[in-house]
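Read off the chains here:
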Amino acid sequence: MSVITTTDPDALAPPSVDRPSRGREVKNAVATVLMWVAFAIAVIPLVWVLWTVVTKGYDLLLQPGWWTHSQQGITIRHQGGGAYHAIIGTLLQALVCGAISVPIGIMTAVYLVEYGRGRFARLVSFMVDILTGVPSIVAALFVYAVWVTTFGFDRVGFAVSLALVLLMIPVIVRSTEEMLKLVPNELREASYALGVPTWKTIMRIVLPTAFTGIVTGVLLGLARVMGETAPLLILGPYAKSINTNLFSGFQAALPTMIYQDRTESLAPAVARTWAAALTLIIVVLVLNLAGRLVARRFRVRG
Amino acid sequence: MSVTGHSELDVVAPNDGPGSTGALGDRIFRGLAAGSGLVVVLLIAGVAVFLVGQAVPALAKDKANFLTDRVWSLGNLDAPSFGIPDLLWVTVISSVIALLLAVPVAVGVALFLTQYAPRRLATPFAYLVDLLAAVPSIIYGLWGYAVLRPVVDPVQNFLSDTLGFVPLFKDTGVGGTIFLASIVLGIMILPIVTAISREVFAQTPQTHKEGAYALGATRWEMIRTAVLPFGRAGVISAAMLGLGRALGETIAVAIILSQVAGFSFSIFNGGQTFASKIALSAAEFDSPTKTGAFIAAGLVLFILTFAVNAAARVVIERRKAFVE
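Those protein sequence lines, which keep their order, are chains L and B. For the first sequence, the working numbering begins at 723 and goes up steadily by one. For the second sequence, the working numbering begins at 69 and goes up steadily by one.
Now the stretches of chain B that chain L is said to cover, found in silico as 3 or more residues with beta-carbon under 8 Å:
| no. | segment |
| --- | --- |
| 1 | 96-109 |
| 2 | 116-130 |
| 3 | 280-291 |
With a straight-line Cα cutoff of 30 Å, these simulated DSSO-like cross-link-like pairs (lysine-lysine) come out:
| no. | chain 1 | residue 1 | chain 2 | residue 2 |
| --- | --- | --- | --- | --- |
| 4 | L | Lys-962 | L | Lys-778 |
| 5 | B | Lys-358 | B | Lys-129 |
| 6 | L | Lys-962 | B | Lys-358 |
| 7 | B | Lys-277 | L | Lys-903 |
| 8 | B | Lys-277 | L | Lys-749 |
| 9 | L | Lys-922 | L | Lys-903 |
| 10 | B | Lys-131 | B | Lys-358 |
Source of the hints: derived by calculation from the structure; they are not laboratory data. Note that beta-carbon positions come from the ideal geometry of N, C-alpha and C, so glycine has one too.
Bound-form chain L, shown alone (with noise of 0.2 Å):
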């Protein structure tokens, strides 16, 4: 039955919608062009700033002894030299900081998603959001404020770990958090039904079905303390040669090494600047990229 009661053929047939008028296609247009705008202006810098640090760091990074040498002896006026005591520094550093961070991140994501209930859980989701936001200087003021000026203790690379602990620990709760929501409850139910406990339950299926994602949060979380630098400037001042004890003497680190001798304009320093620029971002998308790949391991079995 119909509703139009017209006898005319006109009216039977569809209202004109196949266009919409000039001036709405025009800014359609336009804002079409302008989303591509936008994501262009956001991969130019990063282009930039990747052909910037591989154009001028590149040379270095081929001799060999970059990579097995320190800058002992060696002085802004002279070529050589490594950065094997930055990059064993900047390692230790991030092994010692993930170390601590791993389990309190992963047990507090746990308690979060499979106990957190109430008011306490509220306040750790919030504490987590707010550690989100602590910038790195702020994560180093505390350090110092624990370990040299209360303590006494001296500034070491254990102290840096300390801070990169602060900034760590936020993004491994989160990742884990979101890997934890994933696993289907049906495994946890199983579990239960056949009489496992709450922990092993969690120990052996949850944890385990998450794993991939939770190395992805973790492997981030790694590239993420290895590029900061505040921390190394209030915490662990620079040293020339190579230092492998934490808890005794200044211990170098890549971002100390490129912020080391920045405003210097002779060759060498300059070279070892961008070179040593060069070989952070490589240790840092190296991570990333193991963490993506990881991560996309993860998606295909689930």
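Use these hints to put chain B onto chain L, whose structure you have.
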């Protein structure tokens, strides 16, 4: 006989019974998990307590008004005088300009990734934008000062030539300006603002979008009437999180900004933010009073970022309540 093929004994034997090891394990595990959560809470509390605890003695000795006096002289340990208005101004104005530059682009990129990009390319494109966040800030600083500065200089000169009568755009002849720092900050916060905006735009209900199309909307009209209103709260909180990042950014700003003696309201002036001032002064941390002065500045930065992040969180929570 058992259906599982096991004897009756097997079924009974491994049973711990209620209240035995299983429950104990549960309690311990739960305690560990809650304890880790407590560590996070204590860390934030610790930051607040230690910063306040070490800032107060220095503030008590401060001969100047901490909030209003434009001085920073810690030479005399018994009568230091330090105030933060300069730092506050440079910190806030550089972050706000960074936000003004970054948010429109970030919203555009987020719309591009969710509504315009070919579906197969959307993920790799999004990854490219995320990579911007992976580049360490010291490298942005190096690049900004060495490479971007010569490019921005003409723009700056043009602006100060044409708008120089406004104090905000007065030429001061400084090399590393607030304006340059803002551009670099804008690039640095672009990925976070994009990521969060992208997430909320992607959640726009399909029915809203189809409804707009059914009414004859063009793609842009669909975005304006369906996607943007739905994502507004998300974009606001994303912008605030970006602002929090920009306020606390240290090393890129420290490298770029020229240190200047005089103060002016011009964004083509140099200066120091809270974070860069603290970082560049690390060598001066040799007495509790001096350290305390810098910790007081750090405390203000902490309060600022805390407030901004908490506000962002409130906006997100309210939106969640609204959507669910």
